[in-house]
Amino acid sequence: MTTPASQLPAEAALSDEATSDWLKGALREALERDPVDALNDALFLAGILEDRLRSLLNLDDPD
Amino acid sequence: MPDYADRPSGSPRREFDARRGRDLKLGRLEDHGAARYQFRVKGDPSYYVKLLTREGERTYWGKDLERAITEAATNPKIGDLVGLRRVTREAVIVTSRQRDAAGRVTSQEERHAHRTRWVVEKVSFFAERARMARRVRDEQADMRESVRAHPELKSTFLSFRAAEEFATKTIPNAPDRERFLELIRGAMASSIHKGEPLPTTSLRNRSPAPAAAPTARSPKREDPTR
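The listed protein sequences correspond, in order, to chains A and B. Counted the way my numbering counts, the first sequence spans residues 1 to 63. Counted the way my numbering counts, the second sequence spans residues 1 to 226.
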């Protein structure tokens, strides 16, 4: 059985020493889930984390 | 034609951003380079910056993006988390040329347009500028302490001192004077926050060049703005 091409980046990320443990754990869990749900949640999470970064660093113009 | 990103119009996120005045785009720098506008074969020479944002990949176009990337203080590289912001628009004269099938110019038309000035820096730059802007906005901030913490703000504070002297001499009414200074303070802080270049005021300038009002600035003869 050949590995689908879409799994290759995930495997590369999991074996990369530069990938954080948090990301590896999240990725492993996400790969077990429905791919559409997992991506939807990941985008939602990215939005929340970006809002947090903007808020903590006061990046948005207060005007 | 204004610079813009190839994002779909009317998205809820866009409206949300517009409401909040969120003009700083955040994303991972995926690619940048010179290309014909929108990668069209007949497009004008332009420059693009591709970001991976929370909404997916977005491509921003603008001739000034090349300068913004190459002159960036934080030297952003592919893979860095960066912020991208339009800071000013300069008046320019755009020359449109009509060509025949052989590529010969058949007619030429000039019109007034605006060229956008961009700032592209790592996120840390905008965080630092936000801190500096708060310093300037804070009326109670001790100037000496602020300059010690941020020596690059010295010119900004000198400019503000000059504005204070000007106000003292020319605005006798105290509330009016304070309103004027508050406007100056807000404008300086906003400019710093956006990432615009900091002023380089010198203590003594015996032959100052006459300052031109922004609205009176003559358009420059330039190529199309995109």
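Rather than coming from a laboratory, the hints here were simulated on the basis of the structure. Glycine included, each C-beta is placed from N, C-alpha and C at the ideal position. Hints are supplied without guarantee of correctness; some may be wrong.
Stated by the list, open to error - EDC-like cross-link-like pairs, simulated, lysine to aspartate or glutamate; straight-line CA separation at most 20 Å:
#1 K25(B) x E50(A)
#2 K25(B) x E182(B)
#3 K194(B) x E178(B)
#4 K122(B) x D60(A)
#5 K25(B) x D51(A)
#6 K194(B) x D51(A)
#7 K122(B) x D41(A)
#8 K50(B) x E71(B)
#9 K194(B) x D37(A)
#10 K194(B) x E32(A)
#11 K50(B) x E50(A)
#12 K122(B) x D34(A)
#13 K77(B) x E57(B)
#14 K25(B) x D60(A)
Claimed, not checked - Only some residues are given here: those of chain A computed to face chain B with a beta carbon under 8 Å:
#15 L31
#16 A46
#17 E50
#18 N58
Said to hold, decoys possible - Each pair of labels, with its calculated beta carbon distance range:
#19 S55(A) x R177(B): 33 to 39 Å
#20 T170(B) x L23(A): 55 to 61 Å
#21 L8(A) x G186(B): 47 to 53 Å
#22 T19(A) x G43(B): 36 to 42 Å
#23 V36(A) x A162(B): 56 to 62 Å
#24 S190(B) x L43(A): 29 to 35 Å
#25 E152(B) x I48(A): 49 to 55 Å
#26 T19(A) x T70(B): 57 to 63 Å
#27 S55(A) x A162(B): 33 to 39 Å
#28 R131(B) x V36(A): 52 to 58 Å
#29 G43(B) x D41(A): 34 to 40 Å
#30 K77(B) x S55(A): 22 to 28 Å
Tested hints:
1. For the hint linking K25(B) to E50(A), the alpha-carbon distance of about 10 Å falls within 20 Å, and the restraint holds.
2. For the proposed pair K25(B) and E182(B), the alpha carbon gap of about 28 Å is over 20 Å, so the pair is violated.
3. Taking the CA atoms of K194(B) and E178(B), the gap is about 24 Å. The hint is violated against a cut of 20 Å.
4. For the proposed pair K122(B) and D60(A), the alpha carbon gap of about 15 Å is at most 20 Å, so the pair holds.
5. Our distance criterion of 20 Å between C-alpha atoms is met by K25(B) and D51(A), whose separation comes to about 12 Å.
6. At most 20 Å may separate the alpha-carbon atoms for a hinted pair to count; K194(B) and D51(A) meet this at roughly 18 Å.
7. Taken as a hint, the K122(B) and D41(A) pair is broken in the structure, with Cα atoms around 26 Å apart against an allowance of 20 Å.
8. For a cut-off of 20 Å, the pair hint linking K50(B) to E71(B) stands: about 18 Å separates their Cα positions.
9. Of the supplied pair hints, the one linking K194(B) and D37(A) is violated, its CA atoms being roughly 37 Å apart against a limit of 20 Å.
10. Simply put, K194(B) and E32(A) have alpha-carbon atoms about 43 Å apart, too far for the 20 Å limit, and the pair is violated.
11. For the given pair, K50(B) sits about 18 Å from E50(A) by alpha-carbon distance, which is consistent with the 20 Å threshold.
12. A threshold of 20 Å between alpha carbons decides the hint, and for K122(B) with D34(A) the separation of about 34 Å lies outside it, so the pair is violated.
13. Using a Cα cut-off of 20 Å, the hinted pair K77(B) and E57(B) holds, with the two alpha carbons roughly 17 Å apart.
14. Using a Cα cut-off of 20 Å, the hinted pair K25(B) and D60(A) holds, with the two alpha carbons roughly 10 Å apart.
15. For L31(A), the suggested interface contact is broken, since its CB lies about 20 Å from the closest CB of chain B, more than 8 Å.
16. A hinted interface residue such as A46(A) counts as satisfied when its beta carbon comes closer than 8 Å to some beta carbon of chain B; here the least separation is about 4 Å, so the hint holds.
17. Taken as an interface hint, E50(A) checks out: its beta carbon lies about 5 Å from the nearest beta carbon of chain B, inside 8 Å.
18. With 8 Å as the threshold, the beta carbon of N58(A) comes within range of chain B, its nearest partner Cβ sitting at about 4 Å, so the hint holds.
19. One distance hint, 33 to 39 Å for the beta-carbon pair S55(A) and R177(B), holds here, with the actual separation near 35 Å.
20. The supplied range of 55 to 61 Å is met by T170(B) and L23(A), whose beta-carbon atoms lie about 59 Å from each other.
21. Roughly 52 Å separates the CB atoms of L8(A) and G186(B), a value that falls within the hinted 47 to 53 Å.
22. Judged by the Cβ atoms, the range 36 to 42 Å given for T19(A) and G43(B) holds: they are separated by roughly 38 Å.
23. The hinted range of 56 to 62 Å is satisfied by V36(A) and A162(B), whose Cβ atoms lie roughly 60 Å apart.
24. A hinted range of 29 to 35 Å holds for the C-beta pair S190(B) and L43(A), which are about 31 Å apart.
25. One distance hint, 49 to 55 Å for the beta-carbon pair E152(B) and I48(A), is violated here, with the actual separation near 33 Å.
26. At about 31 Å, the beta-carbon gap between T19(A) and T70(B) misses the expected band of 57 to 63 Å.
27. Between S55(A) and A162(B), the C-beta spacing of about 35 Å keeps the proposed range 33 to 39 Å intact.
28. Separation of R131(B) from V36(A) is about 41 Å and departs from the stated range, judged on CB atoms against 52 to 58 Å.
29. Remark: the range hint 34 to 40 Å for G43(B) to D41(A) is upheld by a beta-carbon distance near 38 Å.
30. The given range of 22 to 28 Å is respected by K77(B) and S55(A), whose C-beta atoms sit roughly 26 Å from each other.
When the structure is compared with the earlier hints, violations turn up for hints 2, 3, 7, 9, 10, 12, 15, 25, 26 and 28 and for no others.
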